[in-house]
Structures are given as structure tokens and as C-alpha cells.
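*Asks:* Full structure from sequences and hints, please.
Keeping their order, the protein sequence lines are chains C and S.
Quick note: to get my numbering, add 6 to the position in the first sequence (first position is 1).
Quick note: to get my numbering, add 371 to the position in the second sequence (first position is 1).
Just so you know, these hints were derived from the structure itself, not from any lab.
Remember, predicted model here, so these are calculated numbers, not experimental data.
Glycine is no exception: its CB is placed at the ideal position from the N, C-alpha and C atoms.
Please note that the accuracy of each hint is not assured.
On the chain S side, residues computed to face chain C include the following (Cβ under 7 Å) [stated by the list, open to error]:
| id | residue |
| --- | --- |
| 1 | S403 |
| 2 | L407 |
| 3 | I417 |
| 4 | W421 |
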Amino acid sequence: MFDAHAVTLSPFETLILNVSLLMVIGWSMWRAERTLSPGSDLLILALMGVFAVSGRVLLDPLPNIQPVTVIVLLAGIHFGSSRAVLLATSVALLSNVFLGHGIWTLYQAAGWSLVGISGSLLSDKMHVSGIISPSRVAALSVVAAFCFDWVVSLSALHSFGAELLPAYILSGIPFDMLHASGNVVFAAWLSTPLSEMMSRHSRSRTVVMRTVTTPT
Amino acid sequence: MSPLISFLLFLVISSLVIGNSLDRDNRLKVLSVYVLAMLLLSSSMISTEWARMTSELVDDETDHHHGLPDVWEGKQVVCFNFPGENAPGEYDDGRHHIDSDGTKFLVDSNWNGSGACVGGFSGFEIGIELLDEAVIASGGDFAYNYTQFSFGIQIDSIGGIEPCDVAPCSEDFSSGAWWGINHNGQLAPVGISDLPLENDSVITLTIVTW
Numbered sequence: 007m008f009d010a011h012a013v014t015l016s017p018f019e020t021l022i023l024n025v026s027l028l029m030v031i032g033w034s035m036w037r038a039e040r041t042l043s044p045g046s047d048l049l050i051l052a053l054m055g056v057f058a059v060s061g062r063v064l065l066d067p068l069p070n071i072q073p074v075t076v077i078v079l080l081a082g083i084h085f086g087s088s089r090a091v092l093l094a095t096s097v098a099l100l101s102n103v104f105l106g107h108g109i110w111t112l113y114q115a116a117g118w119s120l121v122g123i124s125g126s127l128l129s130d131k132m133h134v135s136g137i138i139s140p141s142r143v144a145a146l147s148v149v150a151a152f153c154f155d156w157v158v159s160l161s162a163l164h165s166f167g168a169e170l171l172p173a174y175i176l177s178g179i180p181f182d183m184l185h186a187s188g189n190v191v192f193a194a195w196l197s198t199p200l201s202e203m204m205s206r207h208s209r210s211r212t213v214v215m216r217t218v219t220t221p222t
Numbered sequence: 372m373s374p375l376i377s378f379l380l381f382l383v384i385s386s387l388v389i390g391n392s393l394d395r396d397n398r399l400k401v402l403s404v405y406v407l408a409m410l411l412l413s414s415s416m417i418s419t420e421w422a423r424m425t426s427e428l429v430d431d432e433t434d435h436h437h438g439l440p441d442v443w444e445g446k447q448v449v450c451f452n453f454p455g456e457n458a459p460g461e462y463d464d465g466r467h468h469i470d471s472d473g474t475k476f477l478v479d480s481n482w483n484g485s486g487a488c489v490g491g492f493s494g495f496e497i498g499i500e501l502l503d504e505a506v507i508a509s510g511g512d513f514a515y516n517y518t519q520f521s522f523g524i525q526i527d528s529i530g531g532i533e534p535c536d537v538a539p540c541s542e543d544f545s546s547g548a549w550w551g552i553n554h555n556g557q558l559a560p561v562g563i564s565d566l567p568l569e570n571d572s573v574i575t576l577t578i579v580t581w
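*Replies:* Below, the structure is given as C-alpha cells:
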């Protein structure tokens with residue numbers, strides 16, 4: 007009998023496969039967004055959630071590199087705190103269905119929620135002349151990477167005392183750097199297209215209304 | 372210069388050179404991919420170097436790794452202890468630490484004695500195999516001479532230093548000194564050529580007097 011699935015991929019081949027799958031999901035999401043009517047903010051949040059969960063799961067072979075932080079940050083910028091927290095918590099929970107769920111999920115949800123809230127609070131600073139600034143988003147995403155990782159590190163307090171926490175955080179700095187540099191890549195490449203998609207559906211857009219006078 | 376510092380300097384300089392050759396629109400995109408790729412390719416080296424830079428000495432006196440860097444927990448270690456400042460060459464100002472790849476990374480100046488520990492090894496089953504690998508990792512600084520007996524080998528000198536060079540030895544053998552072997556804090560019951568090891572063994576060669 008043939009075993010059609012008896013193919014073993016090397017780590018690099020697996021990474022190529024996963025990145026390809028993520029690109030297909032991203033392209034499909036972009037196409038699907040075109041068919042949505044403007045103002046479909048919850049639907050676009052769902053699409054972002056699918057992309058974030060897929061990205062986190064598929065990029066799992068790369069240490070601490072995933073698009074969730076930047077997507078939640080952009081969601082905070084465009085949709086505000088409450089929707090960013092909804093997205094952050096959902097992505098943490100759903101991705102951990104694949105990667106492993108435990109007490110750390112709570113801290114990840116809290117960490118990404120803080121990222122989304124900070125994006126909401128600093129929304130005005132992330133724009134230059136009304137257009138999203140990838141370099142500013144990248145700078146904020148670097149700070150967000152370290153803050154998120156340190157919040158998640160607090161989950162280690164369930165295993166050992168607070169006196170070991172500084173050494174624990176210090177030993178994780180190389181992984182924080184990888185998270186930060188991964189965020190810069192996602193911010194550089196995705197912040198403009200994702201912001202265009204999100205801003206088309208953001209209900210917080212300013213609508214200028216003028217009285218129309220009809221000529222008599 | 373530390374490999375980590377050298378790498379970061381190279382990364383910054385090369386990023387500046389590449390960044391200057393790019394137009395403004397593509398600079399962030401290209402540079403971010405370049406930096407991420409460099410960090411990923413070097414992640415193993417960065418993690419190792421960082422662990423060495425931030426390592427602390429184990430202060431649990433019940434642990435036979437007491438006084439050794441915590442990055443060696445669960446690994447095999449060989450220590451060459453010399454009384455006072457009698458260690459050879461550069462090792463006379465405390466206890467030095469040399470990783471299994473030959474990298475020197477931490478000096479314990481408060482140590483009561485001098486010399487070095489060479490550690491981070493795994494998988495060795497007999498003491499002499501681990502000792503030979505430690506000598507290689509030290510660059511030959513702790514090469515030893517020995518005498519072969521029917522019951523095993525006796526170490527005569529380490530790093531060119533014989534026990535009677537640094538401890539009182541009388542011609543009538545009323546006093547003398549020899550290289551003793553401790554295994555996990557206990558006097559080894561057999562010679563180093565027959566000494567069975569554990570996954571986290573610490574062998575200590577130290578000058579013992581009578």
C-alpha cells in the first residue's frame with residue numbers, strides 16, 4: 007500500500023511551506039476584504055484574527071517571531087482599545103489551542119491587550135499627514151515587543167520567587183530582540199496595506215457633514 | 372573582544388552602509404529583513420554569549436556545582452585548583468572559567484586559591500576522557516604529565532606545576548603532596564582513568580598534602 011503522506015520535510019523546507027501558506031492566507035484575506043462593504047469593522051477584525059493566528063502558528067519554528075503584536079497594535083490604532091483587547095485575547099486563546107494552553111495564555115492576552123491599548127492611545131502619533139507612518143509603527147512595535155515579553159515573563163512567578171525574576175527577564179533579552187526585529191519587519195511590510203484595509207472599515211473615521219442648500 | 376560585541380558592531384556598520392545605498396521608501400523594508408536574517412542566523416551564538424555574559428555563580432552549598440557558573444548546571448566540569456596564587460600563567464588571580472569551546476568568560480577573584488574550571492561538557496562516561504577534553508578546551512594550558520602504574524595513572528604535574536613545587540615536601544617523606552581527585556565534592560574512590568561519571572559530574576584536581 008502507498009503511503010502518500012510519508013514525506014519528511016527538513017526544518018527549512020517546513021519554514022518555506024509555512025511562509026507560503028501564510029502568504030496565501032494573506033492574499034486571500036486581501037481579496038476577501040475587497041468584497042466587504044465599508045464599515046464592516048467586526049468582519050475585518052475577524053479576518054485580522056485569522057491572519058494573526060495563522061501567522062503565529064505557521065511561524066512557530068522561528069523563535070519569538072510572529073505578526074500578532076503588530077496586528078494588535080494596528081487594530082488599536084484604527085479600531086480603539088475595546089476591539090483591540092477583543093482581538094488580542096481571541097488570538098492568544100485560539101493560537102494556544104495549537105501551541106499549548108495554560109496559565110501563560112492569560113499573560114499573553116494581557117500583554118497583547120496592553121499593546122492594543124497603547125496603539126489606541128498613541129493613534130494620532132502614528133500618523134503623518136493623515137497617513138500611517140511605518141517607521142513610527144515600527145518604533146512603537148519595538149517597545150511593545152519588550153513590554154509584551156516582560157508581561158508574559160510574569161507568568162514565571164507561578165513557578166519561582168520574585169527574586170529570580172530579574173535574572174529570568176535578563177536571560178530572555180536575545181529572544182526579546184528577535185521579537186522586536188520581527189515586529190519591525192511586519193511593521194515595515196504590513197502596516198501600510200493593513201492600515202488601508204482597516205481604515206476602510208473603521209467606524210471612528212471622522213465624517214464631515216454639511217447642510218446642502220438647494221438653489222431656489 | 373567578545374564575539375557578541377563584534378557581531379553587533381558588524382551589524383550596525385553593515386546596516387548603515389546598506390541603508391545609505393537604498394532609497395528612503397525601501398530602506399526600512401530591506402534593512403528590517405537584513406537585520407532579522409542576521410539575528411536569526413546568529414541566534415545560537417547570541418544566546419550562548421548572552422548566557423555567558425549574564426551567568427552567575429551557584430551559591431547553593433549543597434549543590435556540587437557550588438561556585439561554578441549557573442550556565443553549567445547539568446553539565447560536566449573539570450576544575451584545576453592551585454593553592455594561593457600558584458596557578459600557571461594568567462590563571463593566578465582567582466578561579467577562571469573556560470567554556471567547552473575554549474571561551475574564557477568569568478573570573479571569580481574571591482575564590483580561595485587560583486586556577487580554572489573548564490565546563491559545559493556532556494556525554495563523557497570516564498574521568499580521563501573528560502579531563503583530556505578539558506585540557507584541549509584550555510588550549511593546553513593545563514596539560515598534564517603522568518606515570519602509568521598497574522592500578523592506573525598517577526598525575527605528576529598539571530600546567531607544568533608539580534605538587535612539591537607549591538607545597539612542602541621532605542626528603543624523608545614525613546611530609547609531601549600529590550594531585551588529589553575529587554568527584555562531586557567527595558574524594559574519588561578510584562583513579563581518574565577508571566572514574567565513572569554522571570551527567571553533571573564535577574571533577575576537581577587539587578593539591579593534597581600530608
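*Asks:* At a threshold of 7 Å, is the proposed contact between S:L407 and chain C supported by beta-carbon distances?
*Replies:* With a minimum Cβ separation of about 5 Å from chain C (threshold 7 Å), the hint on S:L407 holds.
*Asks:* Is the shortest C-beta separation between S:I417 and chain C less than 7 Å?
*Replies:* This interface hint holds because 5 Å falls under the 7 Å limit.
*Asks:* Would the hint on S:W421 stand, with a C-beta cut-off of 7 Å toward chain C?
*Replies:* S:W421 check passes; min Cβ-Cβ to chain C is 5 Å, inside 7 Å.
*Asks:* Hint S:S403 vs chain C: min CB-CB distance below 7 Å?
*Replies:* 4 Å, holds
When the structure is compared with the earlier hints, no violation turns up for any of them.
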